[in-house]
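Enquirer: The lines below spell out each chain.
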Amino acid sequence: MSAVVLATVHPTPTYYLLLAAGLFGIGAFGVMVRRNPLVMFMCVELMLNAVNLSFVALAKALGDIGGQTTVFFVMVVAAAEVVVGLGIIVAILRRKPNATADDLVELKG
Amino acid sequence: MELFVFVCASLMILGGAIGVVIRSHPVHAALSLVLTLFGVAVLFVAQDAHFLAAVQVIVYAGAIVVLFLFVIMLLGVDTVEDLRIEPIPVQRPLAAIVGLGIIGVIGAAIIQARDTIGTHAGTGIEVPTQTGNSDGNIKQIARDLFSDHVFAFELTSVLLVVAVIGTVLLARRPDKLGGPS
Numbered sequence: 028m029s030a031v032v033l034a035t036v037h038p039t040p041t042y043y044l045l046l047a048a049g050l051f052g053i054g055a056f057g058v059m060v061r062r063n064p065l066v067m068f069m070c071v072e073l074m075l076n077a078v079n080l081s082f083v084a085l086a087k088a089l090g091d092i093g094g095q096t097t098v099f100f101v102m103v104v105a106a107a108e109v110v111v112g113l114g115i116i117v118a119i120l121r122r123k124p125n126a127t128a129d130d131l132v133e134l135k136g
Numbered sequence: 003m004e005l006f007v008f009v010c011a012s013l014m015i016l017g018g019a020i021g022v023v024i025r026s027h028p029v030h031a032a033l034s035l036v037l038t039l040f041g042v043a044v045l046f047v048a049q050d051a052h053f054l055a056a057v058q059v060i061v062y063a064g065a066i067v068v069l070f071l072f073v074i075m076l077l078g079v080d081t082v083e084d085l086r087i088e089p090i091p092v093q094r095p096l097a098a099i100v101g102l103g104i105i106g107v108i109g110a111a112i113i114q115a116r117d118t119i120g121t122h123a124g125t126g127i128e129v130p131t132q133t134g135n136s137d138g139n140i141k142q143i144a145r146d147l148f149s150d151h152v153f154a155f156e157l158t159s160v161l162l163v164v165a166v167i168g169t170v171l172l173a174r175r176p177d178k179l180g181g182p183s
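Note that the protein sequences, when read in sequence, are chains A and B. Under the working numbering, the residues of the first sequence are numbered 28 to 136, in order. Under the working numbering, the residues of the second sequence are numbered 3 to 183, in order.
Worth flagging that the hints you see were computed from the coordinates, not collected in a lab. Among the clues, some could well be false.
To be verified - Part of the chain B face toward chain A, derived, beta carbon under 10 Å:
no.	residue
1	SER12
2	SER34
3	ALA51
4	LEU54
5	ALA97
6	ALA98
7	ILE104
8	ILE112
9	PRO130
10	GLY134
11	SER136
12	LEU147
13	HIS151
14	VAL166
15	VAL170
The structure displayed is predicted, hence computed values, not measured ones. No residue lacks a Cβ here, since even glycine has one placed at the ideal position from N, Cα and C.
Hey, can you work out the whole structure from these sequences and the hints?
Expert: Written out as structure tokens, the structure is:
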């Protein structure tokens, strides 16, 4: 029965978009919950990937290559963001090892 | 068969994502992130985005995760974080409510709009075939990138240069800054 379902049902764009929504939600939950700045960064990457997934799914559904081009730009910006963010995290952790996001409250002016 | 690929890749993606959130060791979280990124790459291939799948594996799983692991190892912050400590008491239930709310709202919008997604409204995406077109839609991406979005493409080079210079400045030893030269 399940083999028949697997062979006949084709995933529509809705499947991909729902998966992307789930991935985005998990990433958002992680950003709100985790206190290690590195892991918070990884959760931001999860959210970016969820958006990339929905861009590609809609590019295929709408027959427009612009979605894939946008994903390309998102990847470039994500790489730049990771580089700068990790630089900031290195600068913070070097001054204060094992700092969590709560310790950054002292940055307040 | 397509559904089988989709189900397997979704299990990879969601399992990796949950691993990133609940693993207490940062290295384990980074490796779970690799699992998620590979799952997304599989779905890119399933959606005929072969070039983006390759870029995803090379840039994300290759460069970005290695950068994460490098920073974890370099700074020696690979200590296990005790996840049972909850500094702000209502944070986790509240975050769970907000996260589920995000999924619920987006999911409801997607399900409500599922019939309005017109299929193949645009010019179409070329798919690789046995005869002739063997490299899929890479040429289409190149044409789009270097004609319509060429200015944005050039701006990304500026962005990358700014990011590199900024990181070099940030990562310099503080004692070398501002001292008498």
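Enquirer: Next, verify each hint and record whether it holds.
Expert: Results for each hint:
At its closest, the beta carbon of B:SER12 sits 5 Å from a beta carbon of chain A; the interface hint therefore holds under the 10 Å criterion. Satisfaction of the interface hint for B:SER34 is found here, the shortest Cβ-Cβ separation to chain A being roughly 8 Å, below the 10 Å cut-off. The restraint placing B:ALA51 at the interface with chain A holds, with a minimum CB-CB distance near 5 Å, inside the 10 Å limit. Because the closest C-beta pair between B:LEU54 and chain A is about 5 Å apart, less than 10 Å, the hint holds.
At about 4 Å, the closest approach between the beta carbon of B:ALA97 and any beta carbon in chain A falls short of 10 Å, and the interface hint on this residue holds. Of the supplied interface hints, the one on B:ALA98 holds, with its beta-carbon coming within about 6 Å of a beta-carbon of chain A, less than 10 Å. Annotation: interface hint on B:ILE104 holds; nearest CB of chain A at approximately 5 Å, less than 10 Å. Here the hint on B:ILE112 is kept, as its CB sits about 5 Å from the closest CB of chain A, short of 10 Å.
Below 10 Å, beta-carbon pairs count as interface contacts, and B:PRO130 has none with chain A, the closest being about 14 Å; its hint is therefore violated. Interface hint at B:GLY134: violated, since its Cβ lies 18 Å from the closest Cβ of chain A, which is beyond the 10 Å cut-off. The beta carbon of B:SER136 comes no nearer than 18 Å to any beta carbon in chain A, farther than 10 Å, and the hint placing it at the interface is violated. Restraint check, B:LEU147 versus chain A: the minimum CB separation of about 6 Å is within 10 Å; hint holds.
Because the smallest distance between the Cβ of B:HIS151 and any Cβ of chain A comes to about 6 Å, under 10 Å, the interface hint for this residue holds. Given hint, B:VAL166 at the interface with chain A, holds; its Cβ is 7 Å from that chain's nearest Cβ, closer than 10 Å. With a cut of 10 Å, the hint placing B:VAL170 at the interface with chain A holds, because the nearest CB-to-CB distance is about 8 Å.
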